[in-house]
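Chains as they are written, first to last, in numbering that gives the first Met the number 0: chain G, 0 to 272; chain Y, 0 to 272.
These are calculated hints, taken from the structure and not from any lab test.
For each residue, glycine too, the CB sits at the ideal point set by N, CA and C.
Any given hint could turn out to be false.
As the list claims (entries may be wrong) - On the chain Y side, residues computed to face chain G include the following (Cβ under 8 angstroms):
no., residue
1, M160
2, L164
3, A167
4, K168
5, I171
6, E172
7, G174
8, S175
9, E176
10, V177
11, R178
12, V179
13, F180
14, N181
2 protein chains.
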Amino acid sequence: MEVFKARYIGFCFGVRRAVQLCVTERAKTEGDMCTLGPLIHNSQVVERLKEQGIRPEDKVEQITGGTVVLRTHGVTKWEEELLRVKGVRIVDATCPLVKRVRDRAVLLRQEGYRVVIVGDKEHPEVKSVLSYLDNDAIVLRRYQRIRGGRIGLVAQTTEEMARFLNIAKMFIEDGSEVRVFNTVCRITRLRQKEAKTLSRKVDIVLVVGGKTSSNTEKLFNAAKKANPCCYKIETSADLDLEWFRDKKSVGILGGTSTPPESIEEVATLVKSL
Amino acid sequence: MEVFKARYIGFCFGVRRAVQLCVTERAKTEGDMCTLGPLIHNSQVVERLKEQGIRPEDKVEQITGGTVVLRTHGVTKWEEELLRVKGVRIVDATCPLVKRVRDRAVLLRQEGYRVVIVGDKEHPEVKSVLSYLDNDAIVLRRYQRIRGGRIGLVAQTTEEMARFLNIAKMFIEDGSEVRVFNTVCRITRLRQKEAKTLSRKVDIVLVVGGKTSSNTEKLFNAAKKANPCCYKIETSADLDLEWFRDKKSVGILGGTSTPPESIEEVATLVKSL
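Next up, chain G with everything else stripped away, as it sits in the complex (with noise of 0.2 angstroms):
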């Protein structure tokens, strides 16, 4: 089997900064130390870390002293400020791409724009981002007419950059004034670009990562498109010999979240077929 393997492909350097924060804390502090959420939504990392010591803690309630990370795609502004009112210490992971679209989110909402965030209500970033404007803004991934007023539009940092382009058209044709912030992450823009010619020219696509990893599924959804014949995986525990069967090549895609090893044992077992 000929295999392509994506040239943006595993860890990228928001993912990579917050292991590399856990794993130095660890070194250097004694006693406990957890990440409030997972640090990234990859399990196989978490597990590791665990492993290190460092547990993930679904609750900020939960944690009661020693030190907490707060992960990759940030807290809410409540959670921070209890874990601070608490005198817990913290070290800081969260990407500076997701502070970005908090900030430039605040900076649109202080200036009198109505608010509106391009991605998933249900994500730790919108979360985080949404409790920075009091909750004030409109979360959606589908164009819905909002009437009157400035329109201030930001992106989750992971969104379908096609997507994001569709509702900002939408919203300036409907409108008078929009405010855009494209603040789709440059990563996730090259790999969606690369997930599309990439899986045109192969038989077969792999995309390797985390089951609730929101760049993996968007990277799952952009190669799915441009080639069918497209399945989503965490390991290479989860590869099915069946979807090689009258197969040549094979192009192999990894999120943001995805860590080398896993890339490359799913690269070493499908050259080998």
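For chain G, the structure is supplied; the task is to place chain Y on it using the hints.
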């Protein structure tokens, strides 16, 4: 021949206002009266104004006294200043929607945006807007990448909506911040939409309007995309009976500067075929 006349046809608000202003002013004003440039882009109307003693002057240098009417598309800041210095009496018939483009563009420049105007740089409206920006803006009708900085986008009032939206989309895709004022005027939007739907349901389309009229040209483009059997005419004198051979239905569209009489003349003649 079955005739379908567009619902949105004939003079728009800005043109009606300008013609009305001219007539009213002529009635109450003694002495010399002219317009700086043709009042609107329709030679029939300009001829009729001439008969009433309102001649069009091309250059501000030729105007030395009396009353001057500023045309619907606006004049440059320098021309207006020069007229004031000369002590000429000014009647401002500039369309308020053209002034809105100007105001929005000036605001964007003041707030540090790189101003981009989607429109025709030879059109008097765009020249007028540019002059208020001291020519510090980019005029384009095809996307071109502009490196760095915040982009402030406006449109000529008669620009094709689809073109404007696509250019906006590309600026958003390539950049980080884009602030858009959708200054395509409402009636232009409605007519372009109607041009498409009406053109699809008839055998032949006639677009009635001045040769130099920007909005008539764009209406023609929109209609031609929906129905290739499409002709642009100024008056019924331009009709060619050959066009109607084997045709059963005709759609009639008109620019915002097309007088109702021109449209009625065409409709009556075509109905009798």
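Quick rundown of the hints versus the structure:
no.	hint	in the structure
1	M160	holds, 7 angstroms
2	L164	holds, 5 angstroms
3	A167	holds, 5 angstroms
4	K168	holds, 5 angstroms
5	I171	holds, 5 angstroms
6	E172	holds, 6 angstroms
7	G174	holds, 6 angstroms
8	S175	holds, 6 angstroms
9	E176	holds, 5 angstroms
10	V177	holds, 5 angstroms
11	R178	holds, 4 angstroms
12	V179	holds, 5 angstroms
13	F180	holds, 5 angstroms
14	N181	holds, 5 angstroms
Every hint from the earlier list agrees with this structure, and none is contradicted.
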